Amino acid sequence: MAGSTLASPSVDPVVAAPASAPVSPGRETWRRFRRHKLAMISTFVLAFLVLGVVIGPWLWPIPINDIDFSAQLHGPSWEHPLGTDDLGQDILARMMYGGRISLAVGLAAMIVATIVGVIIGAFAGMSRKYADPALMWVTDLFLSLPQLPLLLLVIYLFREQLKALFGVEGGVFVLIVVVIGGLRWMPVARLVRAQFLSLREKEFVEAARAQGATKLRQMVAHILPNALGPVIVAATIEVSAAIIAESTLSFLGLGFPPDIPTWGRLLFDAKDHLDSAPHWALFPGASIFLTVLSINFIGDGLRDALDPRRVI
Amino acid sequence: MATYLIRRLLIAIPSLLGISLILFTVLALAPGDPFSEMATNPNVPPEVREAIRASFGLNDPILVRYLRWLSAMVQGDWGFSFASRINVDTLILQRLPTTLFVVGSSQILALCVALPVGIYAATRPYSVFDQIANTLAFVGFSLPTFFTGLLFILIFSVSLDWFPFVYRSDIAATGWRWYWEMFRQAIMPITVLGLFQAASYTRYVRSSVLDVIRLDYVTTARAKGLSERKVTLRHITRNALIPVVTLVALQMPAVFGGALVTEQIFRVPGIGSLLIDAILANDTPVIMAVTFVFACLVVLFNLIADVLYGWLDPRISFS
Amino acid sequence: MKDTEIRGLIADVKEGSLSRRSFIKRMAAVGIAAPIASQILVWNDVAMANATLPYKPTKAGGAGPLKILLWQAPTLLNPHFASGTKDQIASRIFYEPLAGWDKEGNLIPCLAAEVPTKANGGLSADGTTVTWKLKPGVKWHDGKPFTADDVVFTWQYAKDPATAAYTTGSYKDIKVEKVDDLTVKVVFTQPTPFWADPFVATVGQILPKHRFADYVGAKSREAPDNLKPIGTGPYKFTDFKPGDILTGERFADYHIKNQPAFDSIEVKGGGDAVSAARAVLQTGEYDYAWNLQVEEEVLKRMETGGRGKTSAVASGDIEFIILNTTDPNTEVDGERSSVKTKHPTLSDPAVRKAINLLIDRDSIQKFIYGRGGTATASFVNEPKQFKSTKLKYEFSIDKANKILDEAGWKKGSDGVREKDGKKLKYVYQTSINAPRQKTQAIIKQACQKAGIELELKSVTASVFFSSDVANPDTYTKLYCDMEMYTTTQPQPDPERFLNQFTSWEIASKENKWLGRNVSRYSDPEADKAYKAAQGELDPAKRAALLIKVNEIFCEANVILPLLSRTRVAAAANNLMHDHSGWDVDSWNIAAWYRT
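Protein chains in written order, with this note's numbering: chain A, 395 to 706; chain B, 7 to 325; chain C, 266 to 860.
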């Protein structure tokens, strides 16, 4: 496991910090990150996707809901670079518009789920008294809740209030991020707790404890960095899961209004035309794939950059 | 250890009671009612709609309904389905074998793919094998099962005509033919579900093996002259298994709960499709029974995972 | 036409060289009315039913298994508890009514020997009694004879409120008397022009007294036969797993000697409509799939596979939009959309007229529903004699703009029309269903061009169609400006269907929003015409009155009909089947065969 018996204490990052630090830790991390080729490429790909969905709709002249029955299910052409759907609407325009929401939802829900999961998992993993069973009870409860009726209940209770507070799209956005994040933190919490149970007994933590590090410091500075491996994997999976979950939610009436073409929704709408119009499914599918891929490599790069044992 | 187990099991009882109360409340408050089709039917006069609601006790306060449910459950009565007018336990038992078979097999398939691929990829990071395995894994969890399932149907049922895509729980054949037919109809749902699961498992296995593989004790083991195989299996894998055990423990209740989307696509009569039908028809007794059994399994497998952590890493103590 | 000639023709029908329909047509040509012609055949022992499907096989059995795929799975097999069409289809395989409806809206006898008419003494002149003659020699699956006692029992069973049968509405206000072992008399409390409801079609399936006698009232749910039916139908029950699969085998003693053609039947449930169509049309795993709400484009492509064909039959179901003339945003006495309020903009008839002009019904039909619906401007479309010939639809953005301009609605800086600070911005709600969301998109775009902004909202069907008092999103609450859904017309007679246009049925807090008039619009003229129609025994006058009710609502542009829905089914190429928009798909399943 991460942080298992270390041969010499000098390898441990915090216990024995380097005597002289020529550059600040932030710049050092950035230097190391830049060396990770895939991570750098991924950063550019993600930036390109983000720019595409943010600026794209301003530049592309065709509106997203321009129905043209004479151009049903056309493949890619100069006029419609990504083809059209079954109402003759331009898929590029729809992808760019819906991508804003998909990317925002995917990233925001990932952040919510990861942060909640890490905090709950860390506290449960550190506790030797009542916090662990209590927090695990909450985790078990959330794992057992049937999601569909719960979602219907949430819409029913909160939609109108949130709509009044944040407007139609803003309210739905907050709701979706909270719902997806709030219903998907449990695996992260369990993973982090399991890592903590193992790591908290390790020598380097004992050493830190002996040196008088507070519990919080032990958690944040010593154990957490060593428990990040599975968290990064979980976070990347979370992004794709959230993008797809968003489309499922709109079928429950919880998501965005039906005329907003998010990537997950495009993929779902395209499935019945998979044999005759594969382009319709290909582009949203590829976008989700690229997003997940680049986020994962960025995560890998960050971990390598933060791990001082690795010589880059 | 024994006292620890007994203590945990005792704690499980009140915690399950608490969970069941919350589940019941959520279901009772959730919108929709079991007699919605009736509402659009001009043949049913309002007073009859009211009488039917009353006859199923839907107009009582939530707490009264919960206590009634709880006392029946304790006596082994799982309730009575509104939609099928049949006992809930019969309904669940009809679905259980299929669910265990399909979802269980897919979990085994996922582990059989993910463990070797993940470990091998991690021992050779950034090699060609690793890159291919990674790319496939990303494709695997970027595409939802409704999509891959359909792709499989189009390829293997429609174009190639190899497998049927409607799963039948009663195959009219005996002997080896029965096994052959069973294999033909189960292969697609199991593969779709197994590969989706394997994609994320592979990533976790690779990541945790990578975490361990560079540690000093592994170098020590190699320096002692142990074979690479022994180092990988005995020294690396055992220590890398904690996240995998956590994930498998998280997935085990699903072997009972079924896999909703895949069951819908291939018409597998599993618990997942029972649950979704029950939810859409607002058949509360069925939803409650299935989710409650699910909750029991969640709690149980969490406990099993904790015990396994202690076995994998003896320093973990639960005092 | 002489006796001998008629006998010759009857012989032709028996041999199969002349179809029943052509026989009835020839009789009509010489002045013998259809019901009488049909009875001539009965008297001469020619199999009843099958006005729309000539039955070719000469003996029962031998055609192997019949495999049916329903994408909603049946969950129970008691027709009087059947909460949805899926359950009614499944139970109709085992239980039968006295008569059913064919696809043209004709009443076809099943357990009755003949359809009651005035001529055969079945119908009283004052319209208060119906006398049914039962078919002799019919046996239940356990060998016991079917008699008038079973019919009377079915009435007692269904009318008891404690039984909580879904069919109770058809039985609670009537009396049923046994005249002799093979004759029953139905007595209505008032003259009833549409008498073919109790014991007919989906609500009319007869239960065996000897199996259900102990399970009337509160004990009804304990009856073992709720899941293991013993009926009179063409197939005997073998096995049933609720929500999954139902199997049956041929009943050797079926009351039509040469039916059914298949040896066994299997009904598999679950999945979705598109893949059900695929299993019949593309892979041929199943023989028949029902209710294919599949986009035309997808369906056409599957048909090119060549393994199966689709068929569509007319029904009275209508997809329509309600424009709310009450205010959904103001709460009065604890309810929104109360009749005491007026909608700030939709109460203006000009706005409603403009919106009606902005619906491109032809494109919606052509590109979305295809064979699944016919564009219409009339709320009632079937049977044809009840359809308004006056109502016409039109799609014209220019005309809509002109009407709005004339009415003083001016475009603001954001392109949305307004008058006195009130903007033409609406929430347009429907249930979640792919064709409906596409329809919403098409209408939204047209409205945008005329300066009307629509916010689309979709609610999951299990909530939208529920009668949950606490939920604001149910369709009867109408907490929105525009709402779209399909309403079903259960019989080939629109009287009960049109009660949603009467003032006493307005949905409100008082009746827990269970009232059938969701639009909340009312007109004393419509009320008057509806009441008159209820007691009018002359079919022509009655039809005129009901058409008037329909026209009042459509001309007020409160109800905007879109499509008259059809029922689409897919069948294997070699399957001869017969489905009807007025009855369940299995209404005539005994007569299905393979070529």
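Be careful, since some hints might not be right.
[Stated by the list, open to error] DSBU-like mimics (lysine-lysine), calculated; alpha carbons at most 35 Å apart, straight line:
1. Lys714(C) x Lys607(C)
2. Lys440(C) x Lys493(C)
3. Lys557(A) x Lys777(C)
4. Lys665(A) x Lys631(C)
5. Lys665(A) x Lys236(B)
6. Lys557(A) x Lys474(C)
7. Lys557(A) x Lys655(C)
8. Lys665(A) x Lys574(C)
9. Lys665(A) x Lys649(C)
10. Lys557(A) x Lys687(C)
11. Lys657(C) x Lys557(A)
12. Lys667(C) x Lys631(C)
13. Lys557(A) x Lys565(C)
14. Lys649(C) x Lys557(A)
15. Lys409(C) x Lys557(A)
16. Lys437(C) x Lys777(C)
17. Lys565(C) x Lys605(C)
18. Lys574(C) x Lys687(C)
19. Lys649(C) x Lys688(C)
20. Lys437(C) x Lys665(A)
21. Lys667(C) x Lys437(C)
22. Lys574(C) x Lys557(A)
23. Lys655(C) x Lys806(C)
Derived by calculation from the structure, the hints in this document are not laboratory data. Every value quoted in this text rests on a predicted model; they were computed, and no experiment measured them.
We went through each hint and held it up to the structure:
no., hint, verdict
1, Lys714(C) x Lys607(C), "26 Å, holds"
2, Lys440(C) x Lys493(C), "29 Å, holds"
3, Lys557(A) x Lys777(C), "26 Å, holds"
4, Lys665(A) x Lys631(C), "21 Å, holds"
5, Lys665(A) x Lys236(B), "47 Å, violated"
6, Lys557(A) x Lys474(C), "57 Å, violated"
7, Lys557(A) x Lys655(C), "44 Å, violated"
8, Lys665(A) x Lys574(C), "22 Å, holds"
9, Lys665(A) x Lys649(C), "38 Å, violated"
10, Lys557(A) x Lys687(C), "21 Å, holds"
11, Lys657(C) x Lys557(A), "39 Å, violated"
12, Lys667(C) x Lys631(C), "27 Å, holds"
13, Lys557(A) x Lys565(C), "41 Å, violated"
14, Lys649(C) x Lys557(A), "46 Å, violated"
15, Lys409(C) x Lys557(A), "64 Å, violated"
16, Lys437(C) x Lys777(C), "22 Å, holds"
17, Lys565(C) x Lys605(C), "49 Å, violated"
18, Lys574(C) x Lys687(C), "52 Å, violated"
19, Lys649(C) x Lys688(C), "40 Å, violated"
20, Lys437(C) x Lys665(A), "48 Å, violated"
21, Lys667(C) x Lys437(C), "53 Å, violated"
22, Lys574(C) x Lys557(A), "47 Å, violated"
23, Lys655(C) x Lys806(C), "17 Å, holds"
Violated hints for the displayed structure, listed by number in ascending order: 5, 6, 7, 9, 11, 13, 14, 15, 17, 18, 19, 20, 21 and 22.
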